[in-house]
Amino acid sequence: DSGVTQTPKHLITATGQRVTLRCSPRSGDLSVYWYQQSLDQGLQFLIQYYNGEERAKGNILERFSAQQFPDLHSELNLSSLELGDSALYFCASSVGGVWGNENIQYFGAGTRLSVL
Amino acid sequence: QQQVKQSPQSLIVQKGGISIINCAYENTAFDYFPWYQQFPGKGPALLIAIRPDVSEKKEGRFTISFNKSAKQFSLHIMDSQPGDSATYFCAASISGPSGSARQLTFGSGTQLTVLP
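Those protein sequence lines, which keep their order, are chains X and V. Numbering-wise (this note's numbering), the first sequence opens with residue 34 and increments by one. Numbering-wise (this note's numbering), the second sequence opens with residue 332 and increments by one.
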């Protein structure tokens, strides 16, 4: 068990809808990362937050957004969903604040999103 | 560039054999190179990692070899076991001071099957 909790485990929705994925990082971890895993694109970085602030953006669509709350949990919001958004979405967390250790990212079990 | 190229895409090894997975990168700013192991239905889990100031790191049956001049690194699994059957991802990232460690850039993954 990595200590990173993602909910829900599975999500089935229709095109055009909006969903929210939730992530609780490991206790004490300040950085949260979101990744998308699909068969054709592999594991792709979406966005990173550190202690509530956005730190880096990757291949995240404008229809997607995220935030990190004061209690450090994070939510990834996906809107106007398309069939191609069907994928596994992973959250990872890292400690931050300690040089050398903060690269170690611990992944949750993921949320499998199916857009029908 | 940010790409990390991984090969082979799939690998079949007999029990007790050596599994070797290779990765190459282009961005010389990368300074942290982890390998992740992923079982079906699970999130990636850190297996072993190396920084470019060493050429080899060994943890149990797992060894990373790193060639800085060639910008290549590889994972060797000695005495491969059926329980090692999983997907392996190499990755790379850039370290930084508190909170600035960047996202992982993943290779495309290698599906390893160890036959009993």
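FYI, nobody ran anything at the bench for these hints, they're computed from the structure. There may be inaccurate statements among the hints.
Computed from the model, here is a short list of chain V residues facing chain X with C-beta under 10 Å [said to hold, decoys possible]:
#, residue
1, A360
2, D362
3, P365
4, Y367
5, Q369
6, K373
7, A380
8, G391
9, F393
10, F397
11, A401
12, A422
13, S424
14, I425
15, L435
16, T436
Computed Cβ-Cβ distance ranges for the label pairs, DEER-style [unchecked claim]:
#, chain 1, residue 1, chain 2, residue 2, range
17, V, R382, X, Q50, 40 to 48 Å
18, V, Q334, X, I45, 30 to 38 Å
19, X, L116, V, N358, 30 to 38 Å
Quick reminder that beta carbons are idealized off the backbone N, C-alpha and C, glycines included.
Status of each hint after checking the structure:
With 10 Å as the threshold, the beta carbon of A360/V stays out of range of chain X, its nearest partner Cβ sitting at about 13 Å, so the hint is violated. Interface hint at D362/V: satisfied, since its Cβ lies 9 Å from the closest Cβ of chain X, which is below the 10 Å cut-off. Nearest Cβ of chain X to the Cβ of P365/V: about 7 Å, under the 10 Å cut. The hint holds. Taken as an interface hint, Y367/V checks out: its beta carbon lies about 8 Å from the nearest beta carbon of chain X, inside 10 Å.
Checking Q369/V against chain X: minimum C-beta separation of about 8 Å stays under 10 Å; hint holds. Annotation: K373/V was flagged as interfacial toward chain X, and the flag holds, the nearest CB pair being 6 Å apart, inside 10 Å. Hint on A380/V holds. Least Cβ distance to chain X is approximately 7 Å, under the 10 Å limit. Using the Cβ-Cβ criterion of 10 Å, the hint placing G391/V at the interface with chain X is not satisfied: the shortest such distance is roughly 18 Å.
For the restraint placing F393/V at the interface with chain X, the shortest Cβ-Cβ distance is roughly 16 Å, beyond the 10 Å limit, so the hint is violated. This hint is violated: F397/V has a C-beta 15 Å from the nearest C-beta of chain X, more than the 10 Å allowed. For A401/V, the suggested interface contact is broken, since its CB lies about 22 Å from the closest CB of chain X, more than 10 Å. At its closest, the beta carbon of A422/V sits 8 Å from a beta carbon of chain X; the interface hint therefore holds under the 10 Å criterion.
Restraint check, S424/V versus chain X: the minimum CB separation of about 6 Å is within 10 Å; hint holds. A hinted interface residue such as I425/V counts as satisfied when its beta carbon comes closer than 10 Å to some beta carbon of chain X; here the least separation is about 9 Å, so the hint holds. A distance limit of 10 Å between C-beta atoms decides the matter here; for L435/V the minimum to chain X is near 6 Å, and the interface restraint holds. With 10 Å as the threshold, the beta carbon of T436/V comes within range of chain X, its nearest partner Cβ sitting at about 7 Å, so the hint holds.
For the hinted restraint 40 to 48 Å between R382/V and Q50/X, the CB-CB distance of approximately 44 Å keeps it satisfied. The supplied range of 30 to 38 Å is met by Q334/V and I45/X, whose beta-carbon atoms lie about 33 Å from each other. Checking the proposed 30 to 38 Å range against L116/X and N358/V shows it holds: the Cβ atoms sit about 33 Å from each other.
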